[in-house]
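Let the sequences and hints guide you as you build the complete structure.
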Amino acid sequence: MPAHLPRIKARLSIHAHRKVRGLLEGEYAALHVGRGIDFNDLREYVRGDDVKDIDWKASARSRQLLVKRYVAERKHTVLLCVSTGRSMAAMNDAAVSKRELAVLVAGVMGLLAVQHGDLVSLVHGDEAGRHAEPPKGGELHLERLLGTVHDAIRPDGAHTDLAALLRYVVRTVRRRTILVVVCDETTVPDETADLLRRLTVQHEVLLLTIGDLDPTQPTVADRRLVDVDSAAEVPGWLRHDRRLRRELATLVREEEQQLRRRLEQLGVVHERVHDTESALTAVFRLLERQRHARRR
Amino acid sequence: MDLTWNGGETGFRWPWLVPVLALLVLVLMAWWARSRDRRSSTGASYVAHAARLRALPRYQALVRRQVAIGTCLTVAALVACAGAIVLGARVQERQSLVREDRTRDIILCLDASGSMAEVDAAVLREFRTIVDGLRGERVGLTIWSGVAITIFPLTDDYEFVLEQLTEAESAFGSGGIYSDDYARYTAGTVIDWTVQSQLGDGLASCVQRFDNRDQERSRAIVLASDNEPIGEGIYDLEGAAELARSEDVVVHGIAAPMTADRPSAARLFRDAVTSTGGTFSLLGQDGSAATVVEAIGRLEAKEIERPPIVQVLDRPRLGTVVAAVGVGGLGVVWAVQGALALAARREDAS
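Protein chains in written order, with the working numbering: chain B, 1 to 296; chain C, 1 to 350.
Please keep in mind that the hints were generated in silico from the structure rather than gathered at the bench. All values reported here derive from a predicted model rather than from experimental measurement. A virtual CB, placed ideally from N, CA and C, is assigned to each residue, including glycine. Be a bit skeptical, because a hint or two may be false.
The calculated label-pair distances, taken between Cβ atoms and stated as ranges, are [what the hints assert, rightly or not]:
no., chain 1, residue 1, chain 2, residue 2, range
1, C, Ala33, B, Ser230, 16 to 22 Å
2, C, Gly43, B, Glu277, 25 to 31 Å
3, B, Glu139, C, Leu340, 25 to 31 Å
4, B, Arg253, C, Val321, 53 to 59 Å
5, C, Arg64, B, Gly138, 54 to 60 Å
6, B, Arg224, C, Ile69, 16 to 22 Å
7, B, Pro6, C, Ala349, 47 to 53 Å
8, C, Val18, B, Asp222, 39 to 45 Å
9, C, Arg94, B, Arg224, 51 to 57 Å
10, C, Ala68, B, Arg7, 48 to 54 Å
Some chain C residues judged to face chain B by a derived CB distance under 8 Å, without partners named [said to hold, decoys possible]:
no., residue
11, Gly43
12, Ala44
13, Ser45
14, Ala48
15, Glu169
16, Ala344
Residues from chain C that keep clear of chain B, each with C-beta distances beyond 12 Å, as calculated [stated by the list, open to error]:
no., residue
17, Val27
18, Ile69
19, Glu93
20, Pro257
21, Asp261
22, Val336
Shown next as structure tokens:
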């Protein structure tokens, strides 16, 4: 079993220098509305921390910005909700495995939560069945969750069904969580929209979508492509057609715009993840947008 | 002699090669289809939500085009294969040269003595109708009394034969035995008036009229006589019949009606003729000329059998044409495909 967490950590240290990591931490901390009142300690300010938390007196004394850390009222729960249908076993629009990306973004969110001392739980599933892991803290637990996600995504698995997964969350999760949905939806059907609307009432919903590979892309022209949904090959002879490429690009662009607009209407913060390099930025933007959305 | 090859049956040299090759093509097709089916997931990259791609109108158009091109290619390839199979199995035509029996010689051997004139005329008349139906047989006419003279030797120039027969018929038939025609025609058949109507000599002379004795021919003589010899000849009837037998000549005898008055002569005649394997008929006894016709008809039926000459010719044209059509079709489809690709590129460039 490959160790997912060390790799994510390594990626964090490679691609995001210390400052950005602190930034992420700050953004994550700001997610929690209900902060406790019991003062814990002070720590250095990092960008992203709520300005309200700055202890101005202590800062003046120590000549550096310090923020107050409170003992959280109660431990928060980050609920990773990963769609693990077979479409997640495909490649994304940057020819990166969607599975790796899903594990990466889930791992980044989970790591932030774990380092913050919060609990992480997992819900994943497809058309055939949904599975839940109980909320727990600790990197070992997170590692296990990531392994579960990684193993659940198989090209011969069941088809993707996000609505069923969200319905499962609605039905089973009682506590308030930070709900991180990782999926590869291209559209938001009415049922999913209703469920999301319902979930935003209870949870802080963060939606991360992963794009799909464009089969007509010239970079994959010499590769054999198999449609993971129908297990049929996407024939090579039509992937060179430029008109088809233009039509598909237009369609994908329109779908993405519609998706964004729809999610905006629903008040769900959404970010699209393209590759491992931009995944961290995407997570950061997601957190930031969530904060701004709440402040509004 | 004109040679006509009868176009016989056309067939394959190796007929078993056709199903074998057809089976081979089928097996290869099945294997190819299977191998295409099987190489699904290994080494391939997965792509999701490809249904969006399939829903595009351009995709549909491309698929329709590809299906059309693929169908044309398949048909052309199969046609080419069929042509190759036909070529491989070697279409051959078996031609046989049935050699019509042109080796039959018939000599009309007529007794020119006065008493036989009418009978001769009747025989000639009947024979004339038969000449029309002859193909390739050679016919000769010899008349005799004391001495045999050849009116015309064996020939297959039927125009000439008919002409001669008509002339002979009119000579015998028209004016009777006292006419000038008759006398002129039969001049030379009697040298010595004491030696006339020598059946044995006449027959022997006729037997000697056959030429090409080294060739295998069926030889027949239509001998008309009343067997009423005057004087002494060289051959008696027995001897002449034996000569005919030794030369394998079939003699068909036609006796004049009055021969019946002399039973011993008639019997002698009959025995001599039948000993050569021929027929004997007494003219006037039973419908006269019909017997002659019948006798000659029998004579005609007795053709000698010769094995037909068989030649086997390759007929590669069918296979070549079919294969060429198939290969040409492939070329055309490829050209169309190339033109489409070129047009697409040009459209992109513009």
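Outcome of the hint check:
About 18 Å separates the C-beta atoms of alanine 33 of chain C and serine 230 of chain B, a value consistent with the hinted range of 16 to 22 Å. Our hint of 25 to 31 Å for glycine 43 of chain C and glutamate 277 of chain B holds, since their Cβ atoms are close to 27 Å apart. Look at glutamate 139 of chain B against leucine 340 of chain C: about 58 Å separates their beta carbons, and that is not inside 25 to 31 Å. Take arginine 253 of chain B and valine 321 of chain C: their Cβ atoms lie about 55 Å apart, and the range 53 to 59 Å holds.
Taking the beta carbon of each, arginine 64 of chain C and glycine 138 of chain B are about 58 Å apart, inside 54 to 60 Å as hinted. For the pair arginine 224 of chain B and isoleucine 69 of chain C, the beta carbons lie near 21 Å from each other, so the given range of 16 to 22 Å is met. Between proline 6 of chain B and alanine 349 of chain C the CB atoms are about 51 Å apart, so this pair conforms to the stated range of 47 to 53 Å. Take valine 18 of chain C and aspartate 222 of chain B: their Cβ atoms lie about 42 Å apart, and the range 39 to 45 Å holds.
Taking 51 to 57 Å as the suggested C-beta distance range, the pair arginine 94 of chain C and arginine 224 of chain B conforms, at roughly 54 Å. Alanine 68 of chain C and arginine 7 of chain B have their C-beta atoms about 50 Å apart, which keeps the hinted 48 to 54 Å range intact. The beta carbon of glycine 43 of chain C comes within 7 Å of a beta carbon in chain B, closer than 8 Å, and the hint placing it at the interface holds. Evaluation of the alanine 44 of chain C hint against chain B yields a held restraint, the C-beta minimum of about 4 Å falling below 8 Å.
Annotation: interface hint on serine 45 of chain C holds; nearest CB of chain B at approximately 5 Å, less than 8 Å. Contact between alanine 48 of chain C and chain B, as hinted, is supported at the beta carbon level, the nearest pair being about 4 Å apart and thus within 8 Å. Interface restraint check for glutamate 169 of chain C: the shortest CB-CB distance to chain B comes to about 90 Å, outside 8 Å, so the restraint is violated. For alanine 344 of chain C, the suggested interface contact is upheld, since its CB lies about 7 Å from the closest CB of chain B, less than 8 Å.
No Cβ of chain B comes within 12 Å of the Cβ of valine 27 of chain C; the nearest lies about 24 Å off, and the non-interface call holds. Its closest Cβ contact with chain B, about 10 Å, brings isoleucine 69 of chain C to no more than 12 Å, contrary to its assignment away from the interface. Every beta carbon of chain B lies more than 12 Å from that of glutamate 93 of chain C, the smallest distance being close to 45 Å; the non-interface claim holds. Every Cβ of chain B is farther than 12 Å from the Cβ of proline 257 of chain C; the closest lies at roughly 99 Å, confirming the non-interface assignment.
At the 12 Å boundary, the C-beta of aspartate 261 of chain C stays outside the reach of chain B, the nearest C-beta of that chain being 106 Å off. At roughly 14 Å, the least C-beta separation between valine 336 of chain C and chain B is larger than 12 Å, which holds for a residue marked as non-interface.
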